[in-house]
Amino acid sequence: MKLRHRQREALTGLSFIGIWIIGFLVLTCYPLIRTLMFSFSDVRITADGIKTEYVGWQNYNEALFLDVQFGDILVNYMLETMLIVPVIVVFALIVALLLNVSLRGRGVFRTIYFLPVIITSGPVVKQLMDQGATTLPGIQDVLEASRLQEQFPGVLADLITFLLSSFITILWFSGVQMLIFLAGLQKLDSSLYEAASIDGASKWESFWKLTLPLLNPMIVVNIVYTVIMQSIFALNPVIEYIQDAMYDPALGMGNSAAMAWLYFVAMLLMLAVFVFLVRQRERTR
Amino acid sequence: MKWITSASYKLFVYFLLSLIGFVYLYPLFYMVTYSFMNTQDLIDPLVSWIPSQWYTNNFVRAAAVMDFYNTLWQNMLVSFAPAAIQTAAAALIGYGFARFRIPGKPILFALVLATFIIPPQITMIPQFLMFRDLGLIGSVFSYLIPAAFGQGLKSGLFILIFYQFFRMIPKALEEAAQIDGAGPYKIFAFICVPTAVPAFIISFLFSMVWYWNETTLAALYLGDQLTTLPLELQKFATTYQRLYPVDPNSQTGRSLNEAINMAGTFLNIIPLLIVYFFTQRWFVESIERSGITGE
Numbered sequence: 004m005k006l007r008h009r010q011r012e013a014l015t016g017l018s019f020i021g022i023w024i025i026g027f028l029v030l031t032c033y034p035l036i037r038t039l040m041f042s043f044s045d046v047r048i049t050a051d052g053i054k055t056e057y058v059g060w061q062n063y064n065e066a067l068f069l070d071v072q073f074g075d076i077l078v079n080y081m082l083e084t085m086l087i088v089p090v091i092v093v094f095a096l097i098v099a100l101l102l103n104v105s106l107r108g109r110g111v112f113r114t115i116y117f118l119p120v121i122i123t124s125g126p127v128v129k130q131l132m133d134q135g136a137t138t139l140p141g142i143q144d145v146l147e148a149s150r151l152q153e154q155f156p157g158v159l160a161d162l163i164t165f166l167l168s169s170f171i172t173i174l175w176f177s178g179v180q181m182l183i184f185l186a187g188l189q190k191l192d193s194s195l196y197e198a199a200s201i202d203g204a205s206k207w208e209s210f211w212k213l214t215l216p217l218l219n220p221m222i223v224v225n226i227v228y229t230v231i232m233q234s235i236f237a238l239n240p241v242i243e244y245i246q247d248a249m250y251d252p253a254l255g256m257g258n259s260a261a262m263a264w265l266y267f268v269a270m271l272l273m274l275a276v277f278v279f280l281v282r283q284r285e286r287t288r
Numbered sequence: 354m355k356w357i358t359s360a361s362y363k364l365f366v367y368f369l370l371s372l373i374g375f376v377y378l379y380p381l382f383y384m385v386t387y388s389f390m391n392t393q394d395l396i397d398p399l400v401s402w403i404p405s406q407w408y409t410n411n412f413v414r415a416a417a418v419m420d421f422y423n424t425l426w427q428n429m430l431v432s433f434a435p436a437a438i439q440t441a442a443a444a445l446i447g448y449g450f451a452r453f454r455i456p457g458k459p460i461l462f463a464l465v466l467a468t469f470i471i472p473p474q475i476t477m478i479p480q481f482l483m484f485r486d487l488g489l490i491g492s493v494f495s496y497l498i499p500a501a502f503g504q505g506l507k508s509g510l511f512i513l514i515f516y517q518f519f520r521m522i523p524k525a526l527e528e529a530a531q532i533d534g535a536g537p538y539k540i541f542a543f544i545c546v547p548t549a550v551p552a553f554i555i556s557f558l559f560s561m562v563w564y565w566n567e568t569t570l571a572a573l574y575l576g577d578q579l580t581t582l583p584l585e586l587q588k589f590a591t592t593y594q595r596l597y598p599v600d601p602n603s604q605t606g607r608s609l610n611e612a613i614n615m616a617g618t619f620l621n622i623i624p625l626l627i628v629y630f631f632t633q634r635w636f637v638e639s640i641e642r643s644g645i646t647g648e
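These protein sequence lines are chains A and B, in that order.
Reading the first sequence from the start, the letters are residues 4 to 288 in the working numbering.
Reading the second sequence from the start, the letters are residues 354 to 648 in the working numbering.
Hint data in this document are derived by calculation from the structure and do not stem from the laboratory.
All of these numbers come straight from a predicted model, not from anything done at the bench.
Hints are supplied without guarantee of correctness; some may be wrong.
Facing chain A, a subset of chain B residues (Cβ under 10 Å, in silico) [unchecked claim]:
1) 367
2) 370
3) 447
4) 449
5) 453
6) 454
7) 486
8) 569
With a straight-line Cα cutoff of 30 Å, these simulated DSS-like cross-link-like pairs (lysine-lysine) come out [stated by the list, open to error]:
9) B/363 - A/190
10) B/458 - B/539
11) B/539 - B/507
12) A/129 - B/507
13) B/458 - B/507
14) B/588 - A/129
15) A/206 - B/363
16) A/212 - B/363
17) B/524 - B/539
Quick look at which bits of chain B chain A covers, simulated, 3 or more residues with Cβ under 8 Å [what the hints assert, rightly or not]:
18) 382-391
19) 618-630
Built from N, CA and C at the ideal position, the CB exists for glycine as well.
Sequences are here, hints too, so could you generate the full structure?
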């Protein structure tokens, strides 16, 4: 009787999540495996269907070593992300701390800071960037005056130029993270801070010793979220490159499938590095 | 004395918040003022922020280039419909995970979260081929089908929101209904769904915005039959040149300039700004309400 009840519950549950299981298998799992198979094949779309021929690691070899651009773009994307993610997360934390101060009208500020999440689409950001509207005029002048290209090695100079010239739109990606931090801050127990201040801790100390460790789970969530958002944003050069390659008849879809997998692995690698770093910090405390 | 330090502290925070707010909105200020400038204003070094007159012809041109009204309707179709379906599917799935003991549930739920990490780019080629074989390319169904099966844009996130939400509803409520003889589907439809209205609104709004702004999948799945405002903005310059070819004999500013570009960008985000104006409370309170940060 007991067992039957459990079985019935499982069946009812499956009737709710069944659509997800089917969808996952057909629309996510199968395409994922198919992309993997494509990446080891020469894929041609002909009049009578798709022709695939197994070619081993050739597509990967092509993407990583023979293609002059892809490797550079991928490395650059990883460097950019490693640079941008801390900037966004720290900025989100600072703004959340400011918004957590009980002030009149902070709702208005919260609304302003969240606005970019609503309007940010690839073409909009691109238009604003092309117009030079994504950085403050002063910063642009500094950029030109400092002649970065001459003072730093190429890659680094490019990175700094990129960071400064699209400075504002980078900050635009911090809306959700800011709200996550804010929700976390509002849940912190105020008695902990009272106890700390009785023990003689300054505000500064209690931020480092209390707030930050307690926010650690949110830091991890925000890092993961930021890496993903950066990686799937339409202006990401890797995505643009893969997309162009898809339509390139000379390369075929096998090549772009290999690049898509490489890029997915690169993203997972970065996530692993970030999470590892945060965990490490947790342990040394 | 303490009063003064506290007041100056608050003033300082206000100052910082306003400064960051200004920097944050700077691209938008820039966009708005430039979109109203005529050709003279653009080249006049004395006019940097406030146009000499509010010149609206840029908007007329930009709207013509993007075929604004038609595109707007199509954009609404390809964002509202998938958002509604995705929300409904996420509610069902989230409820299933929150309430029932299902063998292998932890693994399945981990996979739900994993779908959030998998970039759409990696599944889109086979998906595209699949939809092409089914003849769905260029129809809104290429968006609706993944949404209905919980595999739409960021579906994993919405399933998580509903999962958290339904777990917060006291079980006693459902048990009472059960004793009154209501089956699980009735309980879901008449007891749980009404209490989860905030989750529905949050999920619908975010889905809508993300589908609205999507361009990578849109370019692939919607083909030539459907278009969206961001897609039209993407090919703005090309369309403009086709629509208003440069006439070598005239000097009267037929060519594309910054002002028209900015007017196009502005037109692109106006619908979203209107939506945000009325619903901003749901957006900014979404994280607290959905309890997604965990308890």
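So, going through the hints one by one against the coordinates:
{"no.": "1", "hint": "367", "in the structure": "holds, 7 Å"}
{"no.": "2", "hint": "370", "in the structure": "holds, 5 Å"}
{"no.": "3", "hint": "447", "in the structure": "holds, 9 Å"}
{"no.": "4", "hint": "449", "in the structure": "holds, 3 Å"}
{"no.": "5", "hint": "453", "in the structure": "holds, 3 Å"}
{"no.": "6", "hint": "454", "in the structure": "holds, 6 Å"}
{"no.": "7", "hint": "486", "in the structure": "holds, 9 Å"}
{"no.": "8", "hint": "569", "in the structure": "holds, 5 Å"}
{"no.": "9", "hint": "B/363 - A/190", "in the structure": "holds, 22 Å"}
{"no.": "10", "hint": "B/458 - B/539", "in the structure": "holds, 23 Å"}
{"no.": "11", "hint": "B/539 - B/507", "in the structure": "holds, 28 Å"}
{"no.": "12", "hint": "A/129 - B/507", "in the structure": "holds, 23 Å"}
{"no.": "13", "hint": "B/458 - B/507", "in the structure": "holds, 20 Å"}
{"no.": "14", "hint": "B/588 - A/129", "in the structure": "holds, 12 Å"}
{"no.": "15", "hint": "A/206 - B/363", "in the structure": "holds, 15 Å"}
{"no.": "16", "hint": "A/212 - B/363", "in the structure": "holds, 24 Å"}
{"no.": "17", "hint": "B/524 - B/539", "in the structure": "holds, 15 Å"}
{"no.": "18", "hint": "382-391", "in the structure": "holds (count 3)"}
{"no.": "19", "hint": "618-630", "in the structure": "holds (count 7)"}
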